[in-house]
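Chemist: With the sequences and hints as input, model every part of the structure.
Residue numbers (numbering that gives the first Met the number 0), protein chains in the order written: chain A, 0 to 234; chain B, 0 to 294.
No wet-lab data here; the hints were simulated from the structure.
All values derive from a computational prediction rather than experimental measurement.
Keep in mind that the hints are not guaranteed to be accurate.
Which chain A residues stay away from chain B? Per the calculated CB distances, all over 12 Å, these [claimed, not checked]:
1) Phe14
2) Glu88
3) Glu99
4) Asn100
5) Leu103
6) Pro105
7) Met112
8) Leu120
9) Arg147
10) Ile176
11) Leu179
Now the in silico label distances, taken between C-beta atoms and shown as ranges [stated by the list, open to error]:
12) A:Leu102 / B:Ala287: 29 to 35 Å
13) A:Pro73 / B:Ala287: 31 to 37 Å
14) B:Glu168 / A:Gly184: 37 to 43 Å
Just so you know, even glycine gets a beta-carbon here, dropped at the ideal spot from N, CA and C.
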Amino acid sequence: MEATEYLRVSGLHAFYGESHVLHGMDFTVRRGECVSLLGRNGAGRTTTLRAIMGLTGKRTGSIMINGREAVQLPPHKIAQLGVGYCPEERGIYAGLSCEENLLLPPRVGSGGMSVDELYALFPNLHERRHSPGTRMSGGEQQMLAMARILRTGARLLLLDEISEGLAPVIVQRLAEIIRLLKTRGYTIVLVEQNFRFAAPLADRMFVVEHGQVIAEIAQHELHEKQAFLQETLGV
Amino acid sequence: MIELFGVPLPALLGQLTLGLVNGSFYAVLSLGLAVIFGMLHIINFSHGACYMMGALFTWMAMEYFGLGYWWSLLLVPLSVAIVGILIERLLLQRLYKLDYLYALLLTFGIALMLEGGFRAWLGVAGQPYSIPAELAGALDLGFMMLPKYRAWVIVASLTVCLLTWYMIERTRLGAYLRAATENPALTQAFGINVPVMVMLTYAFGVGLAGLAGVLAAPTTQVSPLMGSNLIIVVFAVVVIGGMGSILGSVLTGLGLGVVEGLTKVFYPEASAVVVFLIMAIVLWFRPAGLFGKAA
Numbered sequence: 000m001e002a003t004e005y006l007r008v009s010g011l012h013a014f015y016g017e018s019h020v021l022h023g024m025d026f027t028v029r030r031g032e033c034v035s036l037l038g039r040n041g042a043g044r045t046t047t048l049r050a051i052m053g054l055t056g057k058r059t060g061s062i063m064i065n066g067r068e069a070v071q072l073p074p075h076k077i078a079q080l081g082v083g084y085c086p087e088e089r090g091i092y093a094g095l096s097c098e099e100n101l102l103l104p105p106r107v108g109s110g111g112m113s114v115d116e117l118y119a120l121f122p123n124l125h126e127r128r129h130s131p132g133t134r135m136s137g138g139e140q141q142m143l144a145m146a147r148i149l150r151t152g153a154r155l156l157l158l159d160e161i162s163e164g165l166a167p168v169i170v171q172r173l174a175e176i177i178r179l180l181k182t183r184g185y186t187i188v189l190v191e192q193n194f195r196f197a198a199p200l201a202d203r204m205f206v207v208e209h210g211q212v213i214a215e216i217a218q219h220e221l222h223e224k225q226a227f228l229q230e231t232l233g234v
Numbered sequence: 000m001i002e003l004f005g006v007p008l009p010a011l012l013g014q015l016t017l018g019l020v021n022g023s024f025y026a027v028l029s030l031g032l033a034v035i036f037g038m039l040h041i042i043n044f045s046h047g048a049c050y051m052m053g054a055l056f057t058w059m060a061m062e063y064f065g066l067g068y069w070w071s072l073l074l075v076p077l078s079v080a081i082v083g084i085l086i087e088r089l090l091l092q093r094l095y096k097l098d099y100l101y102a103l104l105l106t107f108g109i110a111l112m113l114e115g116g117f118r119a120w121l122g123v124a125g126q127p128y129s130i131p132a133e134l135a136g137a138l139d140l141g142f143m144m145l146p147k148y149r150a151w152v153i154v155a156s157l158t159v160c161l162l163t164w165y166m167i168e169r170t171r172l173g174a175y176l177r178a179a180t181e182n183p184a185l186t187q188a189f190g191i192n193v194p195v196m197v198m199l200t201y202a203f204g205v206g207l208a209g210l211a212g213v214l215a216a217p218t219t220q221v222s223p224l225m226g227s228n229l230i231i232v233v234f235a236v237v238v239i240g241g242m243g244s245i246l247g248s249v250l251t252g253l254g255l256g257v258v259e260g261l262t263k264v265f266y267p268e269a270s271a272v273v274v275f276l277i278m279a280i281v282l283w284f285r286p287a288g289l290f291g292k293a294a
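Modeler: Quick look at the structure:
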């Protein structure tokens, strides 16, 4: 394994009960790289992130995170390898205030952002810190779901559909934050339906279909692969 | 002598404090049930048996080891909690993926086994346990004599309930607990060891039942059957208060103890059914209980 590889998923199969969702996913993410998993709904992108976190049913194959095999580990051990997960449904706890949500995930590594730094980055969260989690707007909930994993010292961020259903100005703000995180050396996996959001941010893109990676596209190839993308993704 | 509605005041106040004492037991027991239900979503039918074990362990500690009340107050809830850990690790955790009914049947079976086991060993006759010397006697409040031990039970129970509430609602550990209750999978994906929290929650819940058993030992005849006599009322309390509500179970427990006590004064014939009557009325108007949230 190359020293710069931070995440290597190989031959990953995952199941929900009887249904076989991932059929041998293969991809790698280098340290400090931002990659995006593209594909239609139901292609298996969200399941890939959930499988990396150990949240699906049975998994086979291999998931190397920073040199450690994680395919047999329970979710809390996987998180403790330094992984931060932002689920598609955002997962803001209704029974916890905004600040309790922010402070909930325990540290999984060193060098996480301080609460002050996060409030500077997401000023809305400071204003809403005493509000119950679910009284917040969709955009605020998304900011909270992001901020929450930046405090823990996680270096690998798995972000699922973070731009979904948000106003353009908020999507723009999220893109700025991803750029900032890239400059700070975070390793990021973006699962995105919104191609226009993901394309400028991702160093490489993996096109997923039927639970497999069917193509890899580097940032500089975007233009020439336009026709292919249009066909497979409908963008 | 002062009378209120034709009842002498001291008799009224006496029943009121007795009601509060019973209410304290209801509160601590239903609190344990609520904590367990909130996290594990199971109704712990062995709760009465754990209460019984608490009282029996207290009596045994004195009988076999010469350990007094204060030692028992510390050690017995811990031992009952350890029994809880064994139950959870060896049996209960295997059922989480199945329908809740299986866990209900299992805990009911455990209750029957524990009661049967202790009955075979010790018989059904109640064992006396005396009030510790420090809490013997009564306080003269001027208008009534308040037995010290009753005051102690009320104060100790309320303190435990308050501390439990504080721990769950105001501390970091409590936030983990609330988060794990709401979304166990995501909470575990944040790096929190949810299976261990589930185990400790069960242990804490039955430990509370054990504590209620210690507090009850000097007020009643300690016998293997004492749990099943009480637990039916406690389940009614939980249903009235609303499943899983911490505050609801405590307030309802105390309130129903008082109502029961007062019914003994004014219409003794109804005292055994008043709780169930209230349960029926509450369920008629609020199926989720007084403090419960409708699903």
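Chemist: Now tell me, hint by hint, if it's right for this structure.
Modeler: Outcome of the hint check:
A cut-off of 12 Å between C-beta atoms confirms that A:Phe14 is not in contact with chain B; the least separation is 15 Å. A cut-off of 12 Å between C-beta atoms contradicts the statement that A:Glu88 is not in contact with chain B; the least separation is 9 Å. Not every C-beta of chain B lies more than 12 Å from that of A:Glu99, the closest at about 5 Å, which undercuts listing it as non-interface. Taking the minimum C-beta to C-beta distance to chain B, about 8 Å, the non-interface status of A:Asn100 is violated against the 12 Å cut.
Residue-level check failed: A:Leu103 sits 6 Å from the nearest beta carbon of chain B, not beyond 12 Å. Listed as a non-interface residue, A:Pro105 fails to keep its Cβ farther than 12 Å from every Cβ of chain B; the least gap is roughly 5 Å. At roughly 16 Å, the least C-beta separation between A:Met112 and chain B is larger than 12 Å, which holds for a residue marked as non-interface. In this structure A:Leu120 is separated from chain B by more than 12 Å, as the shortest Cβ-Cβ distance comes to about 20 Å.
Not every Cβ of chain B is farther than 12 Å from the Cβ of A:Arg147; the closest lies at roughly 8 Å, contradicting the non-interface assignment. Every Cβ of chain B is farther than 12 Å from the Cβ of A:Ile176; the closest lies at roughly 20 Å, confirming the non-interface assignment. Separation of A:Leu179 from chain B is adequate, the least Cβ-Cβ distance of about 22 Å exceeding the 12 Å criterion. Between A:Leu102 and B:Ala287 the C-beta distance comes to about 31 Å, which sits within the given range of 29 to 35 Å.
Checked against the hint of 31 to 37 Å, the pair A:Pro73 and B:Ala287 passes, with Cβ atoms roughly 34 Å apart. For the hinted restraint 37 to 43 Å between B:Glu168 and A:Gly184, the CB-CB distance of approximately 38 Å keeps it satisfied.
In terms of the numbered hints stated before, the structure departs from hints 2, 3, 4, 5, 6 and 9, listed from lowest to highest.
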